[in-house]
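> Generate the whole structure from the sequences, applying the supplied hints.
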Amino acid sequence: MREKILRWESILLLLVVAVFAWGWQSTPGFAEADNLSFLLLDYTEVALLALALLPIILTGQIDLSVASILGFCSALTGVLWNAGMAFETIVPLVLLAGAVLGSLNAALIVRFGLPALAVTIGTLGLYRGLAYIVLGDGAVTGFPDSYRPFATDTVAGSFLPYATLLVLVVAALAAVVVHHTPIGRSLYAIGLGEQTARFSGIRVDRLKFTLYIVSGVLCAIASLVYTLRYNSARADNAYGMELIAVAAVLLGGVSIFGGRGTVVGVGSALLLMAGLRNVLFLNDVTNEIQNVINGLLLIISVLVPVVAGLLRRRRHPVAAAATEQPPQQTLPDPVAASTAHGSPEEDQR
Amino acid sequence: MNRLQSLLSGRELSIVGALVAVVAVTTVVNPSFLNAQGVHDLFLNASIIALLAIGQTLLVITRNIDLSVGSVMGLTAYLSGQLFIADQETPTVLVMLAGVALGAACGAFNGALVAIAKVPALVVTLGTLYVFRGIDYGWASATGVHQINAAQMSPDFLAFGSGSILGIPHLSLIALVALVIAGYALHNWRSGRDLYAIGSNPDAARLAGIPAGRRVFTAFVVSGALVGLAGVLHASYFGTINASVGTGKELAVVAAVVVGGVAIFGGSGTVLGAVLGALLLTTITSALPILGVPAFWQRAVDGAALLLAISLDRAVQLRLAERLRKERSVRRA
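Heads up: the sequence lines are chains H and P, in that order. Each residue of the first sequence is one higher than the last, beginning at 0 in numbering that gives the first Met the number 0. Each residue of the second sequence is one higher than the last, beginning at 0 in numbering that gives the first Met the number 0.
No lab work stands behind these hints, which were simulated from the structure alone. Watch out, some of these pointers could steer you wrong.
What the hints assert, rightly or not - Calculated Cβ distances over 12 Å to all of chain H for the following chain P residues: (1) S163; (2) A262; (3) V292.
To be verified - Label pairs and their computed distance ranges (CB to CB): (4) P/G16 <-> H/S9: 24 to 32 Å; (5) P/K325 <-> H/R197: 21 to 29 Å; (6) H/N230 <-> P/V15: 47 to 55 Å.
Glycine included, C-beta positions come from ideal geometry on N, C-alpha and C.
Here's what the structure looks like:
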């Protein structure tokens, strides 16, 4: 019971409430509808990238090329728009481009058996480079007013932006798939032990391949939102955003080694980061200091469970040793694996 | 001769081959690529990234990674500028020591989180990439010094950055010394061999009595010191510093190391390979404009080179496994 209350997701939700209460109390203008819309809109793309990363990290893999796919798709949107193509034609082409870039990652990682970290550091450079190659270092602006409201406006009579609605739909889909379908269970199984998952009949390769394609498509969707929101297609759009997305996923309690994490956790982490960013922004804290805070949040989010695990072992050496992973397990680090995060199994009980 | 052969075995030899090919093609297009000045510039440009690659190799061999190198380098470059603003006659040696010390401190911070708190290096250095860069920018905006120019630095310092001994740039000499020391230590010292053992199998290394945590921590400190030095050398070579020095360098460094044959999951690779990888990528970057390719292809080339290198490694590995299997079945038959 105590474990349940102390779950990482609960702590995060409390922190979210604390940040919003702090903003409401201390910062004039924070609670106004316009500002809340801005707060949510500002994290649309990060949220989409984080939701793309979540299932991949659950399987113990990584995709560092997400922001570069976004950048390439944005540049492509600009080029096609400049070429006089109708926006209705551009959208499917950009989504296709995202799927293609995602499947190149997948082909190298799954078919060729290369480490995901090395591959996606490589494609991080390659895709960003391709973005510059197709668009150069200029910007394409002047996207039609008929489409921009999708990325800038709110649902009539509320503070909820359409783009956030899109994020909520994607998050809901992710939650259903990850937590309530056999596919979701397979993700955790792969993350906890790929060999075992393979031997228990899970089609590991096909699933991993699909994840990278889905990730590419989500990045393409994020690129459309980004391009329309800023009314600017540039090759350096969302430069470095992969770090914020990874930070959100890990802060959300997802283990970097796979097999542990929830959609609710990642959602809370996104809200926390968005709220904190907004309050700091309204209080004239510079972007650079915010980056320091993001970095520290990332480190602390991984440090807290490790320290908690150490403390628990000191207090109850026998009990902790019993729950600890045996060293034969293929998990990269037994210490980090026995963290304070709620395990997915607890949800089912 | 035999020693030289073993020194340039396998991967190193194929990089040298690729290097010769790139240089040959570029020289055919534009003969001035290979004149004294061109070669001089090439080595100068490769030296800084080579220093970073040497440090990164130490970490990658132990199955760790440092993504914060660009930020640490930016921080120490900015530090050297600030030292000259405080006193324009600051001795060059003092600036270097300060840069090395700050770099080592950043490395110690990363290393402590990785080795003592057991947080994965990827996450730690992703976080400190932000933190160190943020400190850099914060320092610049707090002091209001956004750019430091050559006129504000001591002439000695600038002369060191562009100077050379017997035609070899100072920067390249420093990189060479670092290469020889790191190469010798990795090859001959017990602590150097320990790094490979830790990277091959962390659990086995610990069971074999290797102080894995201490070794990894030391690797981070040494790597940080090298990165710190690289930042100071960047300042003395380019003579202009702002808070964004070194942004995005992590890609180039990791690409150089991986192209140089250091396995991303640890346990194998040499500093010589990593330095040759850095030299190859720098050469390609310098060759691009001469071959009529716009400079912003560089990022794509770095990424593509990394992918090509790991793909080739994998292909060789698969063929080797295939051959071993055949040999075994022949022996059995």
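> Taking the earlier hints as the rules, which of them does this structure contradict?
2, 3, 4
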